[in-house]
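**Student:** Could you build all of it, start to finish, from the sequences and the hints given here?
Given next are the chains, with one letter for each unit.
Protein chains: 2
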Amino acid sequence: MNYFSSQFKLGILGGGQLGKMMLYNTRKFDIYTKVIDSSADAPSRLACDEFIQGDILDYETVLNFGRQVDVLTFEIENVNVDALETLEQEGIKVYPSSKTLRTIQNKATQKLFYTDNGIPTAPFFRFAYTSEIKEAINHGGLNLPFVWKSARFGYDGNGVKVIRQISDLEQLPNVECIAEELIPFKNELAVIVARNADGEIKTYPTVEMEFHPEANQVEYVLCPARLPDAITKKAEDLALQVATAFKHVGLLAVEMFLTKDDNVLVNEVAPRPHNSGHYSIEGSYTSQFEQQLRAILNLPLGNTDNKVAGVMVNLVGAENHTGNVHYKNIETIMAMDGVTPHIYGKKQTRPFRKMGHVTIVDKDINKAREIAGKVKQTIEVISK
Amino acid sequence: MNYFSSQFKLGILGGGQLGKMMLYNTRKFDIYTKVIDSSADAPSRLACDEFIQGDILDYETVLNFGRQVDVLTFEIENVNVDALETLEQEGIKVYPSSKTLRTIQNKATQKLFYTDNGIPTAPFFRFAYTSEIKEAINHGGLNLPFVWKSARFGYDGNGVKVIRQISDLEQLPNVECIAEELIPFKNELAVIVARNADGEIKTYPTVEMEFHPEANQVEYVLCPARLPDAITKKAEDLALQVATAFKHVGLLAVEMFLTKDDNVLVNEVAPRPHNSGHYSIEGSYTSQFEQQLRAILNLPLGNTDNKVAGVMVNLVGAENHTGNVHYKNIETIMAMDGVTPHIYGKKQTRPFRKMGHVTIVDKDINKAREIAGKVKQTIEVISK
Chain W
1 MNYFSSQFKL
11 GILGGGQLGK
21 MMLYNTRKFD
31 IYTKVIDSSA
41 DAPSRLACDE
51 FIQGDILDYE
61 TVLNFGRQVD
71 VLTFEIENVN
81 VDALETLEQE
91 GIKVYPSSKT
101 LRTIQNKATQ
111 KLFYTDNGIP
121 TAPFFRFAYT
131 SEIKEAINHG
141 GLNLPFVWKS
151 ARFGYDGNGV
161 KVIRQISDLE
171 QLPNVECIAE
181 ELIPFKNELA
191 VIVARNADGE
201 IKTYPTVEME
211 FHPEANQVEY
221 VLCPARLPDA
231 ITKKAEDLAL
241 QVATAFKHVG
251 LLAVEMFLTK
261 DDNVLVNEVA
271 PRPHNSGHYS
281 IEGSYTSQFE
291 QQLRAILNLP
301 LGNTDNKVAG
311 VMVNLVGAEN
321 HTGNVHYKNI
331 ETIMAMDGVT
341 PHIYGKKQTR
351 PFRKMGHVTI
361 VDKDINKARE
371 IAGKVKQTIE
381 VISK
Chain R
1 MNYFSSQFKL
11 GILGGGQLGK
21 MMLYNTRKFD
31 IYTKVIDSSA
41 DAPSRLACDE
51 FIQGDILDYE
61 TVLNFGRQVD
71 VLTFEIENVN
81 VDALETLEQE
91 GIKVYPSSKT
101 LRTIQNKATQ
111 KLFYTDNGIP
121 TAPFFRFAYT
131 SEIKEAINHG
141 GLNLPFVWKS
151 ARFGYDGNGV
161 KVIRQISDLE
171 QLPNVECIAE
181 ELIPFKNELA
191 VIVARNADGE
201 IKTYPTVEME
211 FHPEANQVEY
221 VLCPARLPDA
231 ITKKAEDLAL
241 QVATAFKHVG
251 LLAVEMFLTK
261 DDNVLVNEVA
271 PRPHNSGHYS
281 IEGSYTSQFE
291 QQLRAILNLP
301 LGNTDNKVAG
311 VMVNLVGAEN
321 HTGNVHYKNI
331 ETIMAMDGVT
341 PHIYGKKQTR
351 PFRKMGHVTI
361 VDKDINKARE
371 IAGKVKQTIE
381 VISK
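From first to last, the protein sequence lines are chains W and R. Per the UniProt record's numbering, residue 1 is the first one in the first sequence, and the count goes up by one each step. Per the UniProt record's numbering, residue 1 is the first one in the second sequence, and the count goes up by one each step.
One thing to keep in mind: the hints can contain errors.
It does not matter which identical chain is used: a pair holds within one copy or between any two.
As the list claims (entries may be wrong) - Only pairs whose alpha carbons sit at most 30 Å apart, straight line, appear in this in silico DSSO-like list of lysine-lysine:
#  : residue 1 : residue 2
1  : K346      : K99
2  : K9        : K384
3  : K161      : K134
4  : K384      : K347
5  : K347      : K260
6  : K328      : K34
7  : K384      : K93
8  : K9        : K186
9  : K149      : K374
10 : K9        : K376
11 : K161      : K354
12 : K161      : K34
13 : K384      : K328
14 : K149      : K346
15 : K234      : K186
16 : K161      : K376
17 : K247      : K134
18 : K233      : K367
19 : K328      : K9
These aren't lab readings, by the way, just hints derived from the structure by calculation.
**Tutor:** Right under this line is the structure:
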């Protein structure tokens with residue numbers, strides 16, 4: 001198929017930030033794009049050729065949309081996967097595949113996939129309802145503490161909870177879930193893998209998440225990770241194994257735990273550009289967004305090496321601030337070497353809302369981390 | 001002024017490729033943009049917040065457009081400068097200024113500006129009409145050979161001609177022009193200067209143009225230039241001198257000749273992002289497009305150093321090909337390390353039409369140049 005022709009159309013389900021950043025690269029390659037999102041003000045609206053407002057969880061809507069394009073992708077997992085499957089049967093290229101997405105959408109089937117494929121992951125039990133957990137504990141089949149995760153559409157902060165005593169289970173929704181062994185990890189790592197339909201496969205270097213010592217929130221994403229080669233190699237090999245097992249086409253962000261005894265376990269995956277790869281816009285030879293296009297259009301993959309080291313800081317709304325957003329001291333951080341803010345364009349801030357990110361690059365990762373610390377101390381996302 | 005607020009509006013005259021590449025960066029900073037262009041299909045249309053179709057050479061049109069924005073800029077020199085002057089008087093921030101643009105728009109006044117400010121440039125004579133030149137030669141006031149340049153809106157290829165004998169003057173339009181001494185230069189250089197309203201000023205490294213030995217067309221733009229530091233320093237200092245003399249705000253691309261005896265002479269300038277700076281998207285810490293925004297919005301300027309060396313190759317339509325464009329072997333060049341095509345999205349090719357560019361980056365400039373040679377031999381812009 002000739003992607004660089006005026007007949008070719010790429011469809012994207014979801015019109016959020018990730019889609020928007022991918023769309024900049026479609027312009028570079030002059031690829032015609034159609035985007036669908038439920039919000040009329042979706043960030044992608046201004047970056048695509050055609051925008052359609054519609055519900056990407058609705059079977060008929062996704063089916064009708066998909067029939068109008070040559071290659072269909074998504075920038076968010078929460079889409080109607082049955083429609084994707086029908087479209088595949090009709091001959092539309094859907095990348096990543098409906099099969100992969102279906103496995104990933106449910107954390108229980110995702111975990112089973114790892115164990116079925118000999119991929120190391122934290123031991124877990126599967127439950128049809130949260131209410132069944134108490135019984136399992138009482139019968140001695142499950143030991144405290146553990147991590148409760150809702151199986152479907154669980155996102156950090158509301159779909160995951162550490163259970164240290166039975167009473168912690170109260171207030172949790174009574175849904176399909178897993179109980180995972182609490183791994184005393186010393187580091188959280190991620191590796192982005194790109195694979196195209198021809199099977200060409202490459203990993204980005206291992207990135208390291210640095211957590212806020214108290215808030216237990218990722219504060220910095222660093223690439224390359226400040227870890228021995230033996231460990232980063234182990235993480236990259238494992239990520240390759242996961243992507244290959246999925247016969248994945250597109251990007252796969254593999255999040256991993258580094259245990260205290262230097263084992264690497266897969267935590268979960270995202271079949272799309274990922275927060276842990278934002279550094280690549282400024283840091284890598286090929287950004288994750290360009291790479292996603294190359295992969296799903298079955299073009300040769302680009303070089304995944306770093307040009308320079310990169311550190312990414314998320315910009316989240318400050319506590320006690322709700323209202324019209326103001327980026328306090330943004331001019332100050334822009335005067336620092338190698339600092340690029342990415343403002344997502346949300347007009348309203350609220351505590352911990354993700355409003356953008358800042359990338360800091362430097363030849364030396366330690367220097368980049370030092371500047372990143374200053375960035376974090378300086379900029380504030382407040383209301384005004 | 002708070003540029004990161006929802007009230008702020010940036011206006012851009014012209015909706016071409018340069019504007020489009022600048023607009024990607026307005027998204028990153030969430031800056032609201034209005035674009036005006038005479039073509040309904042202008043490339044910027046899909047990248048701005050508001051698009052208006054209108055004639056940017058028309059006084060009233062530019063005036064009305066400019067009154068709706070806070071900062072007004074242009075991505076092409078050929079705009080109504082009287083309207084810009086009126087807008088400045090009304091308090092609209094116009095960057096670069098109408099005064100600078102007026103001086104630059106006319107090659108005769110541009111050359112006078114250099115001589116008035118002690119800036120080395122090739123000696124020249126000024127004529128109200130081309131027809132006056134013959135007389136000057138006959139009276140011995142002008143010697144052959146020389147370079148004829150139309151004073152207004154002359155672009156390479158149609159506004160410039162080397163005159164070796166009087167008959168070469170035939171066919172030329174009878175317009176205001178200059179006759180410039182033919183400089184036997186050994187190299188053509190360019191330096192992009194960025195200056196913001198506060199007067200912060202930075203240069204990008206000197207780039208070197210490598211010409212096709214026969215066609216006398218720029219084939220490669222290389223950054224850094226493969227020249228001794230003493231020469232690149234001289235070029236950068238001269239570019240700073242020019243931008244400072246203009247009290248320029250925004251980017252100024254300064255094109256220069258390196259003479260056989262290692263003198264550097266200013267050829268001409270462009271008050272905007274420039275072909276010679278395209279390498280910066282992949283090669284520099286701060287791309288010229290982001291830098292233009294920083295400069296005209298009076299933000300701190302970004303680091304102009306290279307992350308890696310960059311070579312830029314223009315993609316022009318092959319001879320004997322007119323019609324629907326096809327980028328033959330684009331997949332082959334995309335498999336080469338550090339190669340990024342930028343396709344401008346023109347649907348029709350014709351001989352020598354500028355259809356895009358390709359950037360090649362590598363830690364080593366000589367390696368990048370070697371890959372660039374392969375790119376040039378491989379990709380073909382043909383009709384199909």
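**Student:** Output the numbers, in ascending order, of every earlier hint that fails for this structure.
**Tutor:** 1, 5, 8, 9, 12 and 17
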